[in-house]
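Visitor: Dock chain U against chain H, hints included.
Take a look at the letters that make up each chain.
Number of protein chains: 2
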Amino acid sequence: MENFPASNPTKLHFGKDVVKDLGAVAASYGKKVLLVYGKGSVKENGLYQEVMRQLTAIKAEVYEYSGIRPNPILEDVDAAASLGRDKQVDCVIAIGGGSVIDSAKVISLSIPVYHSAWDFYSGKSKPLAAVPLIAVLTLAATGTEMNKFAVIQNNRSKNKAGWGHDLMYPAHSFLDPGYTLSVPANYTSFGITDLIAHALEAYFGKGEASLPDRFVFAIIKEAMEYGPQLMSNLNDYTLREKIMYAATMALNGLTLHGRTSGDWGVHGIGHTLSVLFDTPHGASLSVAYPAWLRLMQDRIPARIENLGLGLFGEADITKTITRLEDFFKSIGSPVRMGEIGIGDDQIQLIRDHMLKSKLSGAVQILGPEDYDFLLSKMLHL
Amino acid sequence: MENFPASNPTKLHFGKDVVKDLGAVAASYGKKVLLVYGKGSVKENGLYQEVMRQLTAIKAEVYEYSGIRPNPILEDVDAAASLGRDKQVDCVIAIGGGSVIDSAKVISLSIPVYHSAWDFYSGKSKPLAAVPLIAVLTLAATGTEMNKFAVIQNNRSKNKAGWGHDLMYPAHSFLDPGYTLSVPANYTSFGITDLIAHALEAYFGKGEASLPDRFVFAIIKEAMEYGPQLMSNLNDYTLREKIMYAATMALNGLTLHGRTSGDWGVHGIGHTLSVLFDTPHGASLSVAYPAWLRLMQDRIPARIENLGLGLFGEADITKTITRLEDFFKSIGSPVRMGEIGIGDDQIQLIRDHMLKSKLSGAVQILGPEDYDFLLSKMLHL
Numbered sequence: 001m002e003n004f005p006a007s008n009p010t011k012l013h014f015g016k017d018v019v020k021d022l023g024a025v026a027a028s029y030g031k032k033v034l035l036v037y038g039k040g041s042v043k044e045n046g047l048y049q050e051v052m053r054q055l056t057a058i059k060a061e062v063y064e065y066s067g068i069r070p071n072p073i074l075e076d077v078d079a080a081a082s083l084g085r086d087k088q089v090d091c092v093i094a095i096g097g098g099s100v101i102d103s104a105k106v107i108s109l110s111i112p113v114y115h116s117a118w119d120f121y122s123g124k125s126k127p128l129a130a131v132p133l134i135a136v137l138t139l140a141a142t143g144t145e146m147n148k149f150a151v152i153q154n155n156r157s158k159n160k161a162g163w164g165h166d167l168m169y170p171a172h173s174f175l176d177p178g179y180t181l182s183v184p185a186n187y188t189s190f191g192i193t194d195l196i197a198h199a200l201e202a203y204f205g206k207g208e209a210s211l212p213d214r215f216v217f218a219i220i221k222e223a224m225e226y227g228p229q230l231m232s233n234l235n236d237y238t239l240r241e242k243i244m245y246a247a248t249m250a251l252n253g254l255t256l257h258g259r260t261s262g263d264w265g266v267h268g269i270g271h272t273l274s275v276l277f278d279t280p281h282g283a284s285l286s287v288a289y290p291a292w293l294r295l296m297q298d299r300i301p302a303r304i305e306n307l308g309l310g311l312f313g314e315a316d317i318t319k320t321i322t323r324l325e326d327f328f329k330s331i332g333s334p335v336r337m338g339e340i341g342i343g344d345d346q347i348q349l350i351r352d353h354m355l356k357s358k359l360s361g362a363v364q365i366l367g368p369e370d371y372d373f374l375l376s377k378m379l380h381l
Numbered sequence: 001m002e003n004f005p006a007s008n009p010t011k012l013h014f015g016k017d018v019v020k021d022l023g024a025v026a027a028s029y030g031k032k033v034l035l036v037y038g039k040g041s042v043k044e045n046g047l048y049q050e051v052m053r054q055l056t057a058i059k060a061e062v063y064e065y066s067g068i069r070p071n072p073i074l075e076d077v078d079a080a081a082s083l084g085r086d087k088q089v090d091c092v093i094a095i096g097g098g099s100v101i102d103s104a105k106v107i108s109l110s111i112p113v114y115h116s117a118w119d120f121y122s123g124k125s126k127p128l129a130a131v132p133l134i135a136v137l138t139l140a141a142t143g144t145e146m147n148k149f150a151v152i153q154n155n156r157s158k159n160k161a162g163w164g165h166d167l168m169y170p171a172h173s174f175l176d177p178g179y180t181l182s183v184p185a186n187y188t189s190f191g192i193t194d195l196i197a198h199a200l201e202a203y204f205g206k207g208e209a210s211l212p213d214r215f216v217f218a219i220i221k222e223a224m225e226y227g228p229q230l231m232s233n234l235n236d237y238t239l240r241e242k243i244m245y246a247a248t249m250a251l252n253g254l255t256l257h258g259r260t261s262g263d264w265g266v267h268g269i270g271h272t273l274s275v276l277f278d279t280p281h282g283a284s285l286s287v288a289y290p291a292w293l294r295l296m297q298d299r300i301p302a303r304i305e306n307l308g309l310g311l312f313g314e315a316d317i318t319k320t321i322t323r324l325e326d327f328f329k330s331i332g333s334p335v336r337m338g339e340i341g342i343g344d345d346q347i348q349l350i351r352d353h354m355l356k357s358k359l360s361g362a363v364q365i366l367g368p369e370d371y372d373f374l375l376s377k378m379l380h381l
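So the protein lines, in turn, are chains H and U. Quick note on numbering: the numbering used here labels position 203 of the first sequence as 203, and the sequence is numbered without any gaps. Quick note on numbering: the numbering used here labels position 208 of the second sequence as 208, and the sequence is numbered without any gaps.
Worth flagging that the hints you see were computed from the coordinates, not collected in a lab. Just to be clear, a hint being listed does not mean it is correct.
Identical chains blur together in the list; that is why a pair holds if it fits in one copy or across any two.
What the hints assert, rightly or not - Pairs of lysine-lysine residues, derived as DSS-like cross-links and limited to a Cα-Cα distance of at most 25 angstroms, are as follows:
#  : residue 1 : residue 2
1  : LYS221    : LYS206
2  : LYS148    : LYS11
3  : LYS20     : LYS206
4  : LYS39     : LYS158
5  : LYS206    : LYS11
6  : LYS59     : LYS20
7  : LYS158    : LYS126
8  : LYS59     : LYS87
9  : LYS206    : LYS16
10 : LYS158    : LYS358
11 : LYS32     : LYS87
12 : LYS358    : LYS126
So here's chain H without its partners, still in its complex pose:
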């Protein structure tokens, strides 16, 4: 194992009706709240109303910033932070999925400063404080509810970047699987893909860590057992609960114990598709992972054999890759670019973007020849 610190300050409230405790938690920070959410689906499932009921009960002053978009955009973050700064809010409450909570993390960090959030991402500025963040999650997918990372898209520079800081852990996260019952099939599927991809990025990271490897297998096997059942029973609370919990555990630090980092090369490929074609994050990952594994099968065969043993009880590399790919197909997550409307004619554009952004993983270093291989496998087998 590599030396590692383990510390996760997020207080997770998991289970049915846990949101009833949100008012008391918010009141512990003060009266002024910046409430951040997306395009309004939180009003359809009653969650917005429940949160407002809680905030009214504690007589909070609520300032709303709504309309956060999927693949979260820098402009939203800067505008919401400006509102929070003007109103001198005591805490930020985010209701939504990964994009809303990622945005809110960076909003919390940006309220105390007078520059664009991108200055943190570019390394021009270092954060010294953050307004406490309370997250209320509505989508099982990214794991952002219990980690310090956030991905932000800068449309001006055509850049989608992940970054993390200890000040970015949510102070509290409320996870009621009941509020994920209305997530449609496609985003349910992409969420399952996303959590598996997170576990794999850790597995292919830097550092030998046998028990964290077993945790990776546990999380992926859980998703592979109950994910397909959920796709056939989208209204099943217990199945929603299993996937929501698995998604949190897939990226809350557990699988990274004993490693200095994950690889994150596949996420880089996925971000390229999202920034160019607005591809949903999970969908980009199920296209990229099989291609990446095929690129890696001669470079790290023992690692993929060990993965096959852990997941399927068999070391065969080809079968392991095919089984993962078939799993993504089985839950309706795309595995080729054609399925998400990207054809041969876009290859040059993607390749140029990969070159310009110096796309690579942290452990498995990718270069131009790899881009060609990956793109061909993402188009055809």
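Guide: Just chain U now, kept in the frame of chain H:
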């Protein structure tokens, strides 16, 4: 799953030479330190000297309380707390295994008050504050380094009790597997037993939680794969590292996600042997677990079958119990009372103690007839 909060404020520093950061951490709390340790083995492996080097460098005023005994004793806790109170220390540093760190947790809680620590255990008093605790671990076993529990023995009332409070998490825990290299074979073996027992107590707890079950299997399989290798290579750093990490994960809250409690009935049996005969904690558990599983095989067969499947790929209950028992034997941990010097002539004494202390688990409720069954299986098969 049962609703659960997940939150663990302990900052874990894991790996080779991490203790070099202890001085800076201690300095963040102040200059006055209460240093707590056991009978002096920490002076033999150089750890005491390294800690003192760190504390000298930050010009700390160090007050020492040494001689904490295994199966930690209330009198030590009260005496050390009194010293810390007199000197108005800014933090407590504990160097040692489970007994020292358990004691230090209760010392930290008792320094601000003017009564015996037992008043917390009996429910007579509720803690409101604690002096920050820094733990430096020398034994892979109890998991106390990353949880809020402590077991204390009250020799006056012949009572050994576990109890926990949110104020009892160590603020920081330093785990360098190198400092466990000198642990002798018997205590290495008891530590492996202890961590497996913790995972099992969670598994048999209250609440269905499929992914935490998988984490239980992962932790036990890790211990069953590398434990025997360690017993043959006590000086192997990497094997020490694996067992030390597994012991921490076995009781830091992870396996209890989605459950309202573990069962802890087997720990109750173990504590009975420890308080009556000073049996080492881990040794008492390898004697008690096979007997308890034999008692449970008709009551919760599906649960034991599922355990067999998870650990051995086979649902057979008898084989599962025998395999666990054979594993304990294989690492040199006792499985019958005769091996720890307890004969037929002591049965009445043990039974009386069980009756008096109303021995039970939290989920599987035990009564007098169960005591007879358990005792007979702990004596003979």
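Visitor: With reference to the structure, classify each hint as holding or not holding.
Guide: These are the hints, each one checked on the structure:
Proximity of LYS221 to LYS206 under the C-alpha cut-off of 25 angstroms is found in both arrangements, the shortest distances being 22 angstroms within a copy and 23 angstroms between copies. In this assembly of identical chains, LYS148 and LYS11 lie within 25 angstroms of each other by CA distance both inside one copy and across copies; the values are 13 angstroms within and 15 angstroms between. Within a single copy, LYS20 and LYS206 get their C-alpha atoms only as close as 41 angstroms, which misses the 25 angstroms cut-off; across copies the closest is 23 angstroms, which meets it. Within a single copy, LYS39 and LYS158 get their C-alpha atoms as close as 23 angstroms, which meets the 25 angstroms cut-off; across copies the closest is 63 angstroms, which misses it.
Taking identical chains as interchangeable, the C-alpha atoms of LYS206 and LYS11 lie at most 25 angstroms apart only when they sit on different chains, with a minimum of 21 angstroms there against 28 angstroms within one chain. Only within a single protomer do LYS59 and LYS20 lie at most 25 angstroms apart by alpha-carbon distance; the minimum there is 15 angstroms, versus 49 angstroms between protomers. Proximity of LYS158 and LYS126 under a CA criterion of 25 angstroms is satisfied intra-copy only: 23 angstroms inside one chain copy versus 56 angstroms between copies. Taking identical chains as interchangeable, the C-alpha atoms of LYS59 and LYS87 lie at most 25 angstroms apart only when both belong to the same chain, with a minimum of 16 angstroms there against 45 angstroms between chains.
Taking the closest pair of Cα atoms, LYS206 and LYS16 come within 25 angstroms of each other only across two copies (17 angstroms); inside a single copy the shortest separation is 37 angstroms, beyond that limit. With identical chains, the CA atoms of LYS158 and LYS358 are at most 25 angstroms apart within one copy only, with a shortest distance of 13 angstroms there and 68 angstroms across copies. Within a single copy, LYS32 and LYS87 get their C-alpha atoms as close as 8 angstroms, which meets the 25 angstroms cut-off; across copies the closest is 42 angstroms, which misses it. In the homo-oligomer, the alpha carbons of LYS358 and LYS126 lie at most 25 angstroms apart inside one protomer (24 angstroms), although the nearest pairing across protomers, at 58 angstroms, exceeds that limit.
In this structure, every one of the numbered hints holds.
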